[in-house]
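Asks: Here is how the chains run, residue by residue.
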Amino acid sequence: MRNRHRKAGDELRVSVTRSDAAAADEFTVPRIRPMMVLDALLAIQRTHDPAIGFRYSCRVGMCGTCTVRVDGRSVLACQTEIPERAEHIRIDPLAGLPVVRDLVVDTAPFWQAWKSITPYLVPDEDAAGMDATPAVIKPDSAERERIDPSLDCIGCAACFSSCGIASARRDFIGPAALNRAMVLVADSRDTAAAHRLDVVATDSGVDRCHYIYGCSAACPKGLDPAQAIRRLRKWRFDESR
Amino acid sequence: MTVPQFLFFCAFSVVALAIIAFGVLVVRTAQVDDGGPFVSRALLARLAKPGSERAELQRWAFYLHRISGVALFAFLCLHVGDVSLFVFSRELYDEVHQVYGSTAMRIGEVGLLFGLLFHAFNGIRLVAVDVADLGLVASTRALYGVVAATVLCGGVGTVYIMAPVIG
Chain A
1 MRNRHRKAGD ELRVSVTRSD AAAADEFTVP RIRPMMVLDA LLAIQRTHDP
51 AIGFRYSCRV GMCGTCTVRV DGRSVLACQT EIPERAEHIR IDPLAGLPVV
101 RDLVVDTAPF WQAWKSITPY LVPDEDAAGM DATPAVIKPD SAERERIDPS
151 LDCIGCAACF SSCGIASARR DFIGPAALNR AMVLVADSRD TAAAHRLDVV
201 ATDSGVDRCH YIYGCSAACP KGLDPAQAIR RLRKWRFDES R
Chain B
242 MTVPQFLFFC AFSVVALAII AFGVLVVRTA QVDDGGPFVS RALLARLAKP
292 GSERAELQRW AFYLHRISGV ALFAFLCLHV GDVSLFVFSR ELYDEVHQVY
342 GSTAMRIGEV GLLFGLLFHA FNGIRLVAVD VADLGLVAST RALYGVVAAT
392 VLCGGVGTVY IMAPVIG
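Heads up: the sequence lines are chains A and B, in that order.
Taking the working numbering, the leading residue of the first sequence gets 1, the next gets one more, and so forth.
Taking the working numbering, the leading residue of the second sequence gets 242, the next gets one more, and so forth.
Hints listed in this document are in silico derivations from the structure and should not be mistaken for laboratory results.
Note that the structure is predicted; figures quoted are calculated from it, not measured.
There could be a bad hint or two in this list.
Said to hold, decoys possible - Listed next, the stretches of chain A that the computed footprint assigns to chain B, with coverage defined by at least 3 CB atoms under 8 Å from CB atoms of chain B: (1) 11 to 19; (2) 106 to 113; (3) 123 to 130.
As the list claims (entries may be wrong) - Just a sample of chain B residues kept apart from chain A, beta carbon distances all over 10 Å, derived: (4) 271; (5) 296; (6) 302; (7) 303; (8) 311; (9) 317; (10) 325; (11) 342; (12) 343; (13) 370; (14) 377; (15) 385; (16) 399; (17) 400.
Stated by the list, open to error - Quick list of simulated restraints, FRET-style, between CB atoms: (18) 101/A / 270/B: 21 to 29 Å; (19) 122/A / 270/B: 33 to 41 Å; (20) 98/A / 290/B: 29 to 37 Å; (21) 189/A / 310/B: 53 to 61 Å; (22) 371/B / 133/A: 34 to 42 Å; (23) 288/B / 61/A: 22 to 30 Å; (24) 403/B / 238/A: 43 to 51 Å; (25) 87/A / 272/B: 16 to 24 Å; (26) 310/B / 238/A: 26 to 34 Å.
Heads up, the beta-carbon is just placed ideally off N, CA and C, and yes, glycines get one too.
Using the sequences and the hints, build the whole thing.
Replies: Written as structure tokens, this is what we have:
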């Protein structure tokens with residue numbers, strides 16, 4: 001268990017973007033060390049304003065629910081430690097998604113983009129069903145090495161918010177969906193690769209990426225969606241992938 | 242300054258103001274939409290850290306690429322206009338092009354040179370990201386090279402452009 005202690009008189013100033021212009025947006029909360037961004041939000045809710053709106057669930061970086069922008073950077077509130085010397089932080093809702101209230105956003109555009117690339121494995125008909133032999137990708141195969149590092153997406157939308165194209169609502173499928181598309185296109189068991197490559201080749205697809213690298217820098221799981229986009233760009237023209 | 246020269250200078254000023262306005266629009270829109278570019282101590286602290294945090298520089302490269310692209314296009318339109326004066330009158334063409342020798346225009350040309358160099362070098366970097374499959378760290382390093390090449394070539398060009406008026 002973490003040893004949390006509070007220094008006497010130590011406080012943190014937190015600015016929160018509120019959807020109600022009349023609501024308080026500056027708070028001072030007691031500083032604990034270590035202190036996560038979610039700790040600060042919970043302290044505000046507990047001691048200042050129970051009506052402040054934000055989401056969280058698992059608190060261990062698995063559910064992707066608590067994503068917010070801290071000083072402009074899209075992060076998981078539960079996993080982001082407030083720097084030791086910080087006296088003030090600013091918390092905003094995710095960029096590029098409609099705000100429902102305060103820090104709560106409607107993630108529908110993110111999931112619509114996700115849906116557009118058929119985000120599940122489409123097996124061959126003969127390989128499906130209870131009697132079929134399970135298809136295996138060997139752990140040491142090149143295919144597995146290509147797929148594995150891109151598998152852990154939790155759908156937190158930090159990459160979407162950090163992308164200068166997707167967050168500006170410029171009709172872009174976005175890094176997370178394209179990363180998922182790359183994983184499935186690379187999977188030899190899947191039969192919908194041609195369809196996915198058609199989707200990623202549209203005007204909303206990979207050519208919208210300007211390589212800002214906000215996605216790869218922001219991903220809390222350490223994935224590299226920009227690399228997935230680079231691969232998809234090549235695979236469009238390479239049948240031997 | 243003659244009337245045609247004054248009109249050309251006004252047109253150049255309008256183009257310069259439009260470029261500045263577009264730059265402000267890009268940055269202000271980015272502050273609302275992108276979430277990254279708050280010019281703050283927090284951002285500077287991030288850029289001071291090695292590794293993935295410095296990838297944030299590429300966001301600013303993206304903005305600068307857009308602004309320099311629009312600037313080059315806007316100036317090109319103006320330049321096509323002033324060069325086409327030759328069709329109407331050789332004297333008028335010479336008269337208007339004397340404005341390019343003024344100090345104010347030379348300062349504008351220096352800005353244009355830096356914009357052109359950055360846009361060109363950064364464009365090559367973006368092609369290299371695709372062709373050479375540059376990842377986050379490598380492309381950030383390539384951006385350092387873009388900035389260095391822009392400053393170096395721009396510095397040399399500045400000396401040539403400003404030398405006649407500086408002495």
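Asks: Indicate, hint by hint, whether the structure satisfies it.
Replies: Consistency of the hints with the structure:
| no. | hint | result |
| --- | --- | --- |
| 1 | 11 to 19 | violated (count 0) |
| 2 | 106 to 113 | violated (count 0) |
| 3 | 123 to 130 | violated (count 0) |
| 4 | 271 | violated, 7 Å |
| 5 | 296 | violated, 4 Å |
| 6 | 302 | violated, 8 Å |
| 7 | 303 | violated, 5 Å |
| 8 | 311 | holds, 15 Å |
| 9 | 317 | holds, 22 Å |
| 10 | 325 | holds, 34 Å |
| 11 | 342 | holds, 38 Å |
| 12 | 343 | holds, 37 Å |
| 13 | 370 | violated, 5 Å |
| 14 | 377 | violated, 5 Å |
| 15 | 385 | holds, 14 Å |
| 16 | 399 | holds, 29 Å |
| 17 | 400 | holds, 33 Å |
| 18 | 101/A / 270/B: 21 to 29 Å | holds, 23 Å |
| 19 | 122/A / 270/B: 33 to 41 Å | holds, 39 Å |
| 20 | 98/A / 290/B: 29 to 37 Å | holds, 32 Å |
| 21 | 189/A / 310/B: 53 to 61 Å | violated, 43 Å |
| 22 | 371/B / 133/A: 34 to 42 Å | holds, 39 Å |
| 23 | 288/B / 61/A: 22 to 30 Å | holds, 25 Å |
| 24 | 403/B / 238/A: 43 to 51 Å | holds, 50 Å |
| 25 | 87/A / 272/B: 16 to 24 Å | holds, 22 Å |
| 26 | 310/B / 238/A: 26 to 34 Å | holds, 30 Å |
Violated hints, in rising order: 1, 2, 3, 4, 5, 6, 7, 13, 14, 21; the structure is consistent with all others.
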